[in-house]
Amino acid sequence: MRLTRRSFFELSAMAGGGFLLKLTLPQLASAQNHAANLLSPDAFVRIAPDGIVTIVAKSPEIGQGIRTSLPMIIAEELDADWASVRIEPANLDEAVYGSQGAGGSMSTPNNWLPMRQVGSAARQLLVTAAARRWQVPESEVTTARGRLLHTSSNRSMGYGEVASDAAQLPPPDPATLRFKDPKDYTILGHFQSGCDNLSVVTGKPLFGIDVYLPGMLHAAYHRCAVFGGRVKSANLDVIRKLPGVRYAFVLDGTIQPTTIVPYEIGLASGVAIVADSWYQAQQARKQLKVDWILPPNPVPSSVELNNRAHALAAQPATHTLYSEGDVTKTLASANKVVEADYSYPFLAHMTLEPQNATAWFHDGKLEIWADSQNPGSGKHLVSQALQIPESEITVHMLRAGGGFGRRLMNDYMLEAAYIAKQVPAPVKLLWSREDDFIHDAYRAAGWHFMKAGLDPAGEVIGWQQRLVTFGDGDHYASGAGIDAAEFPSGRVPNFELSTSTQPLWLRTGSLRAPGSNAYAFVIQSFIDELANAAGKDPLEFQLALLSREASPGSPAAKHPEARYTLKAKRQADVLRKVAEISDWANRSKTAGSGKGMGIAAHFCHLGYFAIVAQVSVNASKGIRVEKVWAVGDVGSQLVNLSGAEAQVQGSIIEAMSHMQQEITLANGKIQQTAFDQNPMMRLRQIPKIEIGWVKTEYSPTGLGEPALPPVLPAIGNAVFAATGKRIRTLPLARSGFHFV
Amino acid sequence: MAIRLTINQKSHTVNVAPETPLLWVLRDHLQMVGTKFGCGEGMCGACTVLIGGYPVRSCMTPVSAVADAPIVTIEGLSADGNHPLQRAWVELDVPQCGYCQAGQILTAAALLAHTPHPTDAEIDVAMSGNLCRCSSYTRIRAAIHEAAAHQTHPKTTASSGATR
Ligand code: FES
Ligand code: FES
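Protein sequences, first through last, are from chains A and B.
Here the numbering used here runs 1436 ahead of the position in the first sequence, where the first position is 1.
Here the numbering used here runs 11 ahead of the position in the second sequence, where the first position is 1.
Treat the hints with care, since some could be wrong.
[As the list claims (entries may be wrong)] Beta-carbon label-pair distances, calculated as ranges:
1. B/A13 x A/S1737: 15 to 21 Å
2. A/N2103 x B/Q20: 50 to 56 Å
3. A/N2022 x B/A132: 26 to 32 Å
4. A/Y2000 x B/A28: 45 to 51 Å
[What the hints assert, rightly or not] The calculated lysine to aspartate or glutamate pairs, modelled on EDC-like cross-linking and capped at a C-alpha distance of 16 Å, are:
5. A/K1640 x B/E86
6. A/K2131 x A/E1965
7. A/K1725 x A/D1777
8. A/K1640 x B/D131
9. B/K21 x B/D79
10. A/K2063 x A/E2016
11. A/K2124 x B/D135
12. A/K1725 x A/D1799
13. A/K2124 x B/D131
14. A/K1887 x A/E1965
Please keep in mind that the hints were generated in silico from the structure rather than gathered at the bench.
A virtual CB, placed ideally from N, CA and C, is assigned to each residue, including glycine.
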């Protein structure tokens, strides 16, 4: 990461002593390759005379631990005493803080440098102030745990004692900032408990749903169960007379049915019921009778989609993402050809906290409380839709009861804003669990038709992969495209990765490790099939593939975005290490024993993970995942050891949930409306988990996602080792299996 | 209808329809927000409270049915977050998003009250009705064991921010 413009700090004195530091930095290259310009990831550090350091946490907390981990980075370079650090969540102000989104596991890589700069600059100011106070050269002043030290004269003082002096100094030149040697870290890489934990375990208000304002009313919003349906009429007169109901009205909605539904859909048409309590609004909803105008193209049923996918697979591809050599000829003449069809379903996000937002429209201003992962774009959306200038909109960022990509979209925020515009009081909109199921942005289902050829030595010489997905030509629905560089692209001499698309007329979106959470299952399972067909050890087979150079000019050799180029050594190293800690080489391999181990690896979100799973499978095809070993490479430094391990544990168990869940469509509607119809893992089902890390020289990257994708194929491969049966269709039930 | 409730040893009177679920009385009427709404259908455990020492789904409990019963919510489990489970939860950094955790802790509290040193199998049985979407289960299990080990000798220092 290189700074392209002058960076600067702003410093001001705090009322009552102490100082406040604001950092402004130039735009850093971002994953989304924003039109780039001046981002200012400002962070604030306040040091009070009593030595209490307050650090503002700028990013949305959705359970990934970012509210704790970014301040840790500042505190480390500041050399603060972690026990004296207070963390304060920011409101939305991207002009001040830079991007305040949380997605794609990008918060760590994008903030690693600026957060260290903030901490280091603050420390430098304190050192300068202390040197002046003591009349000694700056080089003789050191710091430790919130204190300044002058060793030769045996003097020391707390940061708070010179904070006011420091506030008078000119801000340091960022070019002169020095960073700690990681071996001296006392905060980073250690186990730190989350900053909100005491509030969590004592039930303090923290989450979006916990917002209560004086005079606040409660809203339920009833949308059409068929995506894009609009209200024709509703029995509002009846509803308005029900207990507690203050207002009931129709919102027309702005959703335009299209073959590719945009990420932010706009407003769904529906009936708002605003009552004294949410329970009353929901009770009134039961009496609601709505006549709907259905969209011209309601979403097809799952059966229709599946039939069409197979029909499309038999036709030429609409789009070839990457090809090299002559795959058709190679497959026709290969010593051995392996052919397999894989598929996986739509999935819902099911954050435990249902979507909600509170809005208050008064005096031409709009105030919003929401736990969006992407509050900046929510604010923009609301401003555009309601014609309220962004300067008149305040967004308070609350802790989210889960994100997983669901809260990247701001439909609930938009709905709350529209409702609040019509009500002379603050209104909290809360979705029911059923609302949350049927108005989600689903992980796209997909079908992969795989064919590969082996030469007499068991080497892969041809690979043909057709993905049937959703979209229009080479435009894909959100989360439904595939990267041309997806492994083993570029590493097989005769290769073709192509797609066919069908329209969906329904919103899809990002679910934790989007794309990867599906493709790793397909590709890493199929590679295991090939290893088996070649009579080779799956680990050795993977390592052999990775040892091949990507062919020059292929997207795998040079990804359009450099950091997304797979580094084969990193992937091979996590594989070797996971094999080592799981004692892979000595695993028992009795075919049909009902016990087996499987291995898989995947690179995504800048992180490398390899997984070994150990399963036992009973006579009725019940799978017990006994143990999972995970090894990750996310660069040179873990930020919070606790958060890092928690993300890996959560990813592993969530991956298991993904294997047993399925959202299906019939009559234009989502068929699952409750947790029992789409079960997530329960405590009694969880495996033992052992985590290892490979440290590399790369800049640290995020852990919200990369551990998840290889878990699915590792379990599938273990089931194959145990039973000789290959899981090619998810959910497990469609392959005849289930978790016990 | 005026209903008297005893919550965390304090008496409250609320004026609500008798079938109103306790969950919504706690949240919307008393603004005790520690008890969470996850499904409203008895399927997730986010709304768990203790009634007479047993875990109960407050979303499925008409408020009129508990007018005479002692109710404990997460806010009342201890005076200052010092219950061994609360301490263990902080020490082991159990919460991810944190949304399920009030329900998890209260369910665990009932378990420990009746089974002070539960085995893994007993934890499985007691805790498997509480969903954690973030899948923090590994640490939930560990924290219950940790709390069980410490409940007779409570530690006196809070260990938030502890380095290990
Ligand atoms: S909210 Fe009561 S069980 Fe889910
Ligand atoms: S910690 Fe998020 S649901 Fe349990």
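inquiry  = When the structure is checked against the list of hints, which entries are broken? Sort them ascending.
reply    = Hints 1, 4, 6, 7, 8, 12 contradicted; others consistent.
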